[in-house]
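Engineer: Given next are the chains, with one letter for each unit.
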Amino acid sequence: MHLAAHFPGVDNTTVWADPDSGSQIEFASFEHLARTAERGLFDFLFLAEGLRLREHKGRIHDLDVVGRPESITVLNALAAVTERLGLAATVDAGFNEPYELARRFATLDHLSGGRAAWNVVTSSDAFTGENFRRGGYLDRAERYPRAAEFLDTARELWDSWTPDGIPRPFAHRGRHFDIAGEFTLPRSPQGHPVVIQAGDSEEGREFAASAADVVLARQRSLEDGRVFYADVKRRLAKYGRAPGDLKIMPGVGVVLGDTAAEAQERAAEIRRQQTSPQTALLTLEQIWGVDLSSYDPDGPLPDIDPVVDPALAHGRTRRGDTVAIAEKWRALSKEKGLSIRETVIEAGGRHFFTGTPEAVARELDEHVRREAADGFVLVPHLIPGGLDEFVDRVVPLLQERGAFRTEYRGTTLRSHLGLPEPGNRR
Amino acid sequence: MLHLSVAVDQQSAHDADSYVALARLAERGGFDFVTLDDTFARPGPDALAVLSRVAPATSRIGLVPTVTTTHTEPFHVQAAVATLDWVSRGRAGWRLDVSTTEGEARLFGSRQAAAADALWQEAGEVADVAAKLWDSWEDDAEIRDVPTGRFIDRDKLHHVDFRGTSFSVKGPSIVPRPPQGHPVRVVDATDGQARRTAARYADVALVRAAGAGQAADVRAQLRSRAAEYGREPGQPKVLASLLVDLGAGEHAAEPGHGGGGPRQSAQGPLYRGGPVDLAELIAGWHGEGVVDGFHLVPAEPLRDLERLVNGTVALLQHRGLFRTFYPGSTLREHLGLARPANQWAVTGGAS
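Keeping their order, the protein sequence lines are chains A and B.
Here the first sequence is numbered in the working numbering, starting from 1 and rising by one per residue.
Here the second sequence is numbered in the working numbering, starting from 1001 and rising by one per residue.
I should point out that these hints are in silico values taken from the structure, not numbers from a laboratory.
A portion of the hints provided could be inaccurate.
Label-pair ranges, simulated between beta-carbon atoms [said to hold, decoys possible]:
hint: 1; chain 1: A; residue 1: 407; chain 2: B; residue 2: 1163; range: 53 to 59 Å
hint: 2; chain 1: A; residue 1: 296; chain 2: B; residue 2: 1345; range: 33 to 39 Å
hint: 3; chain 1: A; residue 1: 347; chain 2: B; residue 2: 1325; range: 58 to 64 Å
hint: 4; chain 1: B; residue 1: 1115; chain 2: A; residue 2: 409; range: 52 to 58 Å
hint: 5; chain 1: B; residue 1: 1310; chain 2: A; residue 2: 266; range: 55 to 61 Å
hint: 6; chain 1: A; residue 1: 23; chain 2: B; residue 2: 1247; range: 43 to 49 Å
hint: 7; chain 1: B; residue 1: 1144; chain 2: A; residue 2: 266; range: 18 to 24 Å
hint: 8; chain 1: A; residue 1: 175; chain 2: B; residue 2: 1112; range: 20 to 26 Å
hint: 9; chain 1: B; residue 1: 1148; chain 2: A; residue 2: 409; range: 48 to 54 Å
hint: 10; chain 1: A; residue 1: 409; chain 2: B; residue 2: 1018; range: 46 to 52 Å
Some chain A residues near chain B, calculated using beta-carbon distances under 7 Å [said to hold, decoys possible]:
hint: 11; residue: 103
hint: 12; residue: 110
hint: 13; residue: 423
Where is the CB? At the ideal position from N, CA and C, for every residue including glycine.
For reference, chain A alone in the conformation it holds in the complex (with noise of 0.2 Å):
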């Protein structure tokens, strides 16, 4: 089994208003994480990444945690207090170019000593691109070509010396890129960084199995679980590559408890906390596309019906068919008489692995051994302090049940990862 943890951004996730919520922003929380992570042998930290401020009705969106550090340079600091923990960043291909963000990664990588990572993600909306002097123009066509094309150039990069350590002259020309000259950097620990890639869609599983060590998945139950874990994985063979060539990692939540009444209690205290009164309004704006301030969130839902084409948030994943939801909601609402806060919770609220220290081993075990994943991302809701818990409870367990490492083997995070070091292409 490979663990990661995952420093919450941007959404709500955070349950900011807890007291034992501490800085978003300052290292010592980014440290204390990551000492936690290195602490419990995990595989990796991983960071999110957003390079424009959410905003809803024409305003920054207020009600979530705002604002992070540039994640690369967090992680080059924490290569300085962490030894074996592998590190991974974020970052969007679509606002960047390959020469820069390759020598970034190559940089991290020989600082770390082999621990880097990077997650491609790639939008390139008109939105962000007000922020860059790119701007926003891609296609949504030309987004995952663009992606591919960019690794490649990285890939090109990272092999472009000999291994006895010298510069050899690159020239890449293709649809989206054309440059030529020498990279700065020898090969780095690890080869080539491990790739991420968290698309979950059509295109994004393609990519993953074409290009990419590891998927980043939502969080799904055993059987559905089973099923996307099936389908990507067979994707591989394609592409020359084995089932273990790309590991399958959901991002979860865990609640613990004494016993499992108890943990039930806490991860639905955590679920209404993650929704106040004003984010329930506001997720339901979001839906319903229309302002509706004036709705008691503790009251029914709304009569009139959602506008076809909500366009009040910017900055966020599209919810799909609205005016769907909003029926499957009414139904939701009126079948267990639940009000508008009640509803989004109900509806919308984040599913955890709950029950006892035994109980979620057991469980996350099941899921590795029954092929719905490799892994897990766990996501927090607590910064610094949460995953504490787990470390202590949970990981002990997981290594008895003989699921989960004792000691890192390797230094670099392909190593931990179970990865081949990939071979040099020139």
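Place chain B on chain A using the hints.
Structural biologist: Same frame as chain A, now just chain B:
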């Protein structure tokens, strides 16, 4: 107050340990800051990354990487510099530079490089938008107000709506205002094209000058231009930048150099001699009020830095000319620079 900084540049070093060792040595000597140069044109790791790696291994010394402005995204650059300030708890600086060669342009898919004048004007715009983005969060923007469910007071976050000659940025930054407000901006003002940008935006200007008279001239020009831009007197701080080769011996200066001052070399003004004579030179120029301090670039990094710390600095400390400990914790405090007011909070600019 005398200010001293030192370069930790090394040939073909890309492991962390050697940089950490040099920065710690410089910190033991009480230097205001270390610099690490960077360009896309020659081998070496990303400088800002290296100094981020160094930050947790040091506690007081300022960290000033070169980050170029020609082929990079201003929004990314300011976020990375702000983050260096966060991870170092207020010790970040940023040495701005431009990429003038065709070779660098080819790495980014362009066929030709723009003229240095235009590139330095753009660098000034990048310095300007960076400060605006650092200020795009007021210091007390994070409120965590439970009754209203608000994490931030969004009236204290600001779109910057910057329009430059070659780029525009909407804002606000994704990174809250860094501990120093504005990390310290450093510009090498030796070349004429860079001087206007330095006068307007630099907190610290470096001047490669072989003679005290030349350094004094450049400083006077920088200060008078800075005044035209409405800056406070005494800004920017001006440091004489010298290559130093202390391999020739503990005391004896090479005849005609050392005690006689630096001479021009192909790489710039070079001081070759002993650490004691170098201390004399530093005390002399500083005592005459020619410069605010020095930026020293060792020919042989470890050897020369050891000699600087144990010889030159020790002597300056003994004479009471240089600090023996760090009274402050941020780079601005070391340099005697106030933490800047937030331009939005002052003017009450609308979001």
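Engineer: Would you mind marking each hint as holding or not holding in the structure?
Structural biologist: Going down the list of hints, with the structure as the test:
1. The beta-carbon spacing between residue 407 of chain A and residue 1163 of chain B, approximately 56 Å, falls within the hinted interval of 53 to 59 Å.
2. For the pair residue 296 of chain A and residue 1345 of chain B, the beta carbons lie near 36 Å from each other, so the given range of 33 to 39 Å is met.
3. Between residue 347 of chain A and residue 1325 of chain B the C-beta distance comes to about 60 Å, which sits within the given range of 58 to 64 Å.
4. Residue 1115 of chain B and residue 409 of chain A have their C-beta atoms about 55 Å apart, which keeps the hinted 52 to 58 Å range intact.
5. Separated by about 59 Å at the C-beta atoms, residue 1310 of chain B and residue 266 of chain A satisfy the suggested range of 55 to 61 Å.
6. Look at residue 23 of chain A against residue 1247 of chain B: about 47 Å separates their beta carbons, and that is inside 43 to 49 Å.
7. For residue 1144 of chain B and residue 266 of chain A, the hinted distance range of 18 to 24 Å is satisfied, since their beta carbons lie about 22 Å from each other.
8. Under the hint 20 to 26 Å, the C-beta atoms of residue 175 of chain A and residue 1112 of chain B, about 22 Å apart, fit the expected range.
9. Under the hint 48 to 54 Å, the C-beta atoms of residue 1148 of chain B and residue 409 of chain A, about 50 Å apart, fit the expected range.
10. Taking 46 to 52 Å as the suggested C-beta distance range, the pair residue 409 of chain A and residue 1018 of chain B does not conform, at roughly 28 Å.
11. At about 6 Å, the closest approach between the beta carbon of residue 103 of chain A and any beta carbon in chain B falls short of 7 Å, and the interface hint on this residue holds.
12. For residue 110 of chain A, the suggested interface contact is upheld, since its CB lies about 5 Å from the closest CB of chain B, less than 7 Å.
13. Taken as an interface hint, residue 423 of chain A does not check out: its beta carbon lies about 22 Å from the nearest beta carbon of chain B, beyond 7 Å.
Hint compliance for this structure: hints 10 and 13 are broken, all remaining hints hold.
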